[in-house]
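Number of protein chains: 2
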Amino acid sequence: MDQPAKTPSPPYCAVIFSSVRNADDAAGYAAMSDRMVELARTMPGFLGVESARGPDGFGITVSYWDTEEHIRDWRAHAEHLEAQHLGRTRWYDRYTLRVCKVERARTSATEA
Amino acid sequence: MDQPAKTPSPPYCAVIFSSVRNADDAAGYAAMSDRMVELARTMPGFLGVESARGPDGFGITVSYWDTEEHIRDWRAHAEHLEAQHLGRTRWYDRYTLRVCKVERARTSATEA
Numbered sequence: 001m002d003q004p005a006k007t008p009s010p011p012y013c014a015v016i017f018s019s020v021r022n023a024d025d026a027a028g029y030a031a032m033s034d035r036m037v038e039l040a041r042t043m044p045g046f047l048g049v050e051s052a053r054g055p056d057g058f059g060i061t062v063s064y065w066d067t068e069e070h071i072r073d074w075r076a077h078a079e080h081l082e083a084q085h086l087g088r089t090r091w092y093d094r095y096t097l098r099v100c101k102v103e104r105a106r107t108s109a110t111e112a
Numbered sequence: 113m114d115q116p117a118k119t120p121s122p123p124y125c126a127v128i129f130s131s132v133r134n135a136d137d138a139a140g141y142a143a144m145s146d147r148m149v150e151l152a153r154t155m156p157g158f159l160g161v162e163s164a165r166g167p168d169g170f171g172i173t174v175s176y177w178d179t180e181e182h183i184r185d186w187r188a189h190a191e192h193l194e195a196q197h198l199g200r201t202r203w204y205d206r207y208t209l210r211v212c213k214v215e216r217a218r219t220s221a222t223e224a
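Chains as they are written, first to last, in this note's numbering: chain A, 1 to 112; chain B, 113 to 224.
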């Protein structure tokens, strides 16, 4: 994954997904996580994604989108709905999801 | 750290800081990172912070604030300015910082 994501000039939208993984089903979770990134990349309005998870199980994934309508379409995608269901019932102890408008951004000179 | 952060109902603001750490000065970095969280908690308008970094060195820290003015005050705090300088010159290979307005949020039932 190319991180931090290279995104266009604001404004655009972001979904911050903060979660605590349980210790179960590492292989199944990793496969689904990879598949969701692959699928998201095919969605209209997708701008990029960043993800990090520490050894304590807490992780943050931020996906970037052109508009809130693109986020709604992604949220309602059938395969993504199945992944969300498995996340709630099998993989996550808890999570918070926030939908944002990115208003300003800057990046380190070395990345440009 | 209590993660995900318990934040009030939107709207509020978020700073998404995505960075790649180099392999240098782990102890100095960890001490400064802890100090910045401690200091941020004392700032007016601070609502919470979440942070995750994986074994590849890529990390995401999201801090939440009442208003953009509170973010500007935090950015301009003398001790934080020194930390930002050390980050640029010593600890980070590259980074991107995005300032956002959080418009909607939901959290898992098990966290409530």
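Treat each hint with caution, since some may be false.
[What the hints assert, rightly or not] In silico lysine to aspartate or glutamate, EDC-like type, Cα no more than 20 Å apart, as pairs:
#	chain 1	residue 1	chain 2	residue 2
1	A	101	B	181
2	B	213	A	68
3	A	101	A	68
4	A	101	B	180
[Claimed, not checked] Covered, in the sense of this in silico footprint (three residues per stretch, anywhere, with C-beta under 8 Å from a C-beta of chain A), are these stretches of chain B:
#	segment
5	130–138
6	185–194
[Stated by the list, open to error] Beyond 10 Å from chain B on every Cβ pair, some chain A residues (computed):
#	residue
7	24
8	31
9	32
10	43
11	44
12	60
13	68
14	77
15	90
Don't read these hints as lab results, they were simulated from the structure.
All residues carry an ideal CB built from backbone N, CA and C; glycine is no exception.
So, going through the hints one by one against the coordinates:
| no. | hint | verdict |
| --- | --- | --- |
| 1 | A:101 / B:181 | holds (17 Å) |
| 2 | B:213 / A:68 | holds (13 Å) |
| 3 | A:101 / A:68 | holds (9 Å) |
| 4 | A:101 / B:180 | holds (13 Å) |
| 5 | 130–138 | holds (count 3) |
| 6 | 185–194 | violated (count 0) |
| 7 | 24 | holds (15 Å) |
| 8 | 31 | holds (17 Å) |
| 9 | 32 | holds (17 Å) |
| 10 | 43 | holds (19 Å) |
| 11 | 44 | holds (20 Å) |
| 12 | 60 | violated (4 Å) |
| 13 | 68 | violated (8 Å) |
| 14 | 77 | holds (18 Å) |
| 15 | 90 | holds (13 Å) |
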